[in-house]
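Visitor: So you can see what is in the structure, the chains are spelled out below.
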Amino acid sequence: MTARPASRRIAVVSGGLSETSATRRLADRLGEATVAALAARGVAAEVTTFDLRPRAHDITNAMLTGFAGRSLQADLDAVLAADGVVAASPVYSGAYTGLFKGFVDLLGQAAFDGTPVLLAATAGTARHSLALEHAMRPLFSYLRALTVPTGVFAASEDWGGDGEAAGALSGRIERAAGELADLVASRDPKRVVDEYENAPAFTDLLGSLRTS
Amino acid sequence: MQLGVFSVGDVTPDPTTGRTPTQHERIKALMEIGRKAEEVGFDVFALGEHHDHPFVPSALTTMHAFLAAQTERLVFSTSIAHITTNDPVHIAEQYAMLQHLSDGRVDLMFGRGNTGPVYPWFGKDIRDGIQLAIENYDLLHTLWRTDVVDWQGKFRTPLQGFTSTPRPLDGVPPFVWHGSIRSPEIAEQAAYYGNGFFHNNIFWPSSHVRRMVGFYRQRWEQYGHGPADQAIVGLGGQVFVRPNSQDAVREFRPYFDVAPVYGHGPSLEEYMRETPLTVGSPQQVIERTLSFREVVGDYQRQMFLLDHAGLPLKTVLEQMDLLGEHVLPVLREEFAKGRPAHVPDAPTHASLLEKKEAGLLLPRPAHESARQAEEEVSA
Numbered sequence: 001m002t003a004r005p006a007s008r009r010i011a012v013v014s015g016g017l018s019e020t021s022a023t024r025r026l027a028d029r030l031g032e033a034t035v036a037a038l039a040a041r042g043v044a045a046e047v048t049t050f051d052l053r054p055r056a057h058d059i060t061n062a063m064l065t066g067f068a069g070r071s072l073q074a075d076l077d078a079v080l081a082a083d084g085v086v087a088a089s090p091v092y093s094g095a096y097t098g099l100f101k102g103f104v105d106l107l108g109q110a111a112f113d114g115t116p117v118l119l120a121a122t123a124g125t126a127r128h129s130l131a132l133e134h135a136m137r138p139l140f141s142y143l144r145a146l147t148v149p150t151g152v153f154a155a156s157e158d159w160g161g162d163g164e165a166a167g168a169l170s171g172r173i174e175r176a177a178g179e180l181a182d183l184v185a186s187r188d189p190k191r192v193v194d195e196y197e198n199a200p201a202f203t204d205l206l207g208s209l210r211t212s
Numbered sequence: 001m002q003l004g005v006f007s008v009g010d011v012t013p014d015p016t017t018g019r020t021p022t023q024h025e026r027i028k029a030l031m032e033i034g035r036k037a038e039e040v041g042f043d044v045f046a047l048g049e050h051h052d053h054p055f056v057p058s059a060l061t062t063m064h065a066f067l068a069a070q071t072e073r074l075v076f077s078t079s080i081a082h083i084t085t086n087d088p089v090h091i092a093e094q095y096a097m098l099q100h101l102s103d104g105r106v107d108l109m110f111g112r113g114n115t116g117p118v119y120p121w122f123g124k125d126i127r128d129g130i131q132l133a134i135e136n137y138d139l140l141h142t143l144w145r146t147d148v149v150d151w152q153g154k155f156r157t158p159l160q161g162f163t164s165t166p167r168p169l170d171g172v173p174p175f176v177w178h179g180s181i182r183s184p185e186i187a188e189q190a191a192y193y194g195n196g197f198f199h200n201n202i203f204w205p206s207s208h209v210r211r212m213v214g215f216y217r218q219r220w221e222q223y224g225h226g227p228a229d230q231a232i233v234g235l236g237g238q239v240f241v242r243p244n245s246q247d248a249v250r251e252f253r254p255y256f257d258v259a260p261v262y263g264h265g266p267s268l269e270e271y272m273r274e275t276p277l278t279v280g281s282p283q284q285v286i287e288r289t290l291s292f293r294e295v296v297g298d299y300q301r302q303m304f305l306l307d308h309a310g311l312p313l314k315t316v317l318e319q320m321d322l323l324g325e326h327v328l329p330v331l332r333e334e335f336a337k338g339r340p341a342h343v344p345d346a347p348t349h350a351s352l353l354e355k356k357e358a359g360l361l362l363p364r365p366a367h368e369s370a371r372q373a374e375e376e377v378s379a
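First to last, the protein sequences are chains A and B. The opening residue of the first sequence carries number 1 in full-length UniProt numbering; numbering runs sequentially from there. The opening residue of the second sequence carries number 1 in full-length UniProt numbering; numbering runs sequentially from there.
Each statement offered as a hint is correct.
Pair by pair, the computed Cβ-Cβ distance ranges are:
#1 A:144 to B:357: 53 to 59 Å
#2 B:257 to A:105: 23 to 29 Å
#3 B:312 to A:94: 48 to 54 Å
#4 A:201 to B:158: 22 to 28 Å
#5 B:244 to A:207: 55 to 61 Å
#6 B:51 to A:210: 28 to 34 Å
Which chain B residues face chain A? A few, computed with CB under 8 Å, are given here:
#7 131
#8 134
#9 135
#10 138
#11 154
#12 189
#13 192
#14 204
#15 211
#16 262
#17 265
#18 274
Think of the hints as simulated: they come from the structure by calculation, not from any bench. No residue lacks a Cβ here, since even glycine has one placed at the ideal position from N, Cα and C.
If we strip away everything but chain A, and leave its shape as in the complex, we get (with noise of 0.2 Å):
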């Protein structure tokens, strides 16, 4: 209601599969700062964070007829219209999960077209660490996503023990979220494409055969 015209829209994606995840966690602290990052350039941020968990049977609904219901489309929406996306997902069997890819199956070869990209991660064990590298970030350049450089990879040990561990993973939010909000704020607000709106005229959908 307060947004200024050069207010940003960021959606934040948690693949995470239990009710209170640690993918989640990780999720809500890297869209904190990211608001924060932007709000310290001068741009006002509005977030949507959500999580896939109670959209698992509508995704699997939507891949087998073909459309999304209605809360699932909602979900869908504020990725296509965000201006900056953090995708967070745990790894399994070293790569994220088949919910979160289904999900991303959903939004279209075109959703991230030039659209920055935080990528994130969650596991047991640091042993899964390069899944960001090896599984994350090859499938956000296939949809040709701006991935910022820093993905934010935590593991259990990341949440406590000592504070070191914790400490640089702070750190590497701070870091992340400081990239994310760079490409955002650097480029212009997103406008959603309005596939009507955009329809080719027909006579140059004619006119085009007719010249060759």
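Model the placement of chain B on the given structure of chain A, informed by the hints.
Guide: Frame of chain A; chain B shown alone:
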């Protein structure tokens, strides 16, 4: 309001018995459904073109001609015929022939066909889908309206001095609907020619259908065919009806749960909430169908899918009896109420012939004739 039956002609095992009908049985069943459609008072019967397993309707004009010989009143349409992979010359001739044999009881719904392998099977590339739909229909439109055609395009052999035969009955080509579930370009195409727009309406939430039809109506007006509410709109929809709604749900559920197009996904209840699927009593079918008017405005054609997912022929025919007796008369009456006088009915051969005799049918869309005239003047 035209009320009709449309089928995709799938050969699907009946999940309650495990039995799969033979292709022969299914083809004969489709013919029986067609005859029944006329008997119980439907206006239109349409078959969807398929060339892939497990569907049987490949030769639509043969099937419709067979039925035309056994009926008096029923109009035959396609749901849909492929405008992308069929030769427009072949379409022009086959459907003009059907038009003569059926005394004008034929129109067409065209679509691109959404089965990937069909394109290469017919020597085409699916990436050209929209372009093929545009070029092929434009040639068909010309072949039916111009006696001697010189033509060159991107996808087909050029034509020199070609006349498709037979010429359309009374010089009036069959009315054409363009069907699409998601491409604004096709709604645009329908609007450009002043043709009908058909939305299958089975798989999509009403918010989407509203946008698609709204776009078509708006473009229809922009192309100078008249006010948006005079555009010609058709909708699909699926019903399963029993006198008592609990019986309908209980009997349809095993078919729904494993149906090739939506089985293993949302529950029957979710699907009914999100899409036009109606499983219930005649009164529920009436109320739901009438509610489509709130989504797309007064429209001209409502088609019902009744016979897929392995439902036995006997069950399909019982549905048709129930619809004919309890639903169709009420829908006709209710759809007529409050419908503005200037909203036209779906075009038929008789109404198009009348228009032609009044000098109102132009060989090309009016705006294009004007554009061509301008170009000729400036050249």
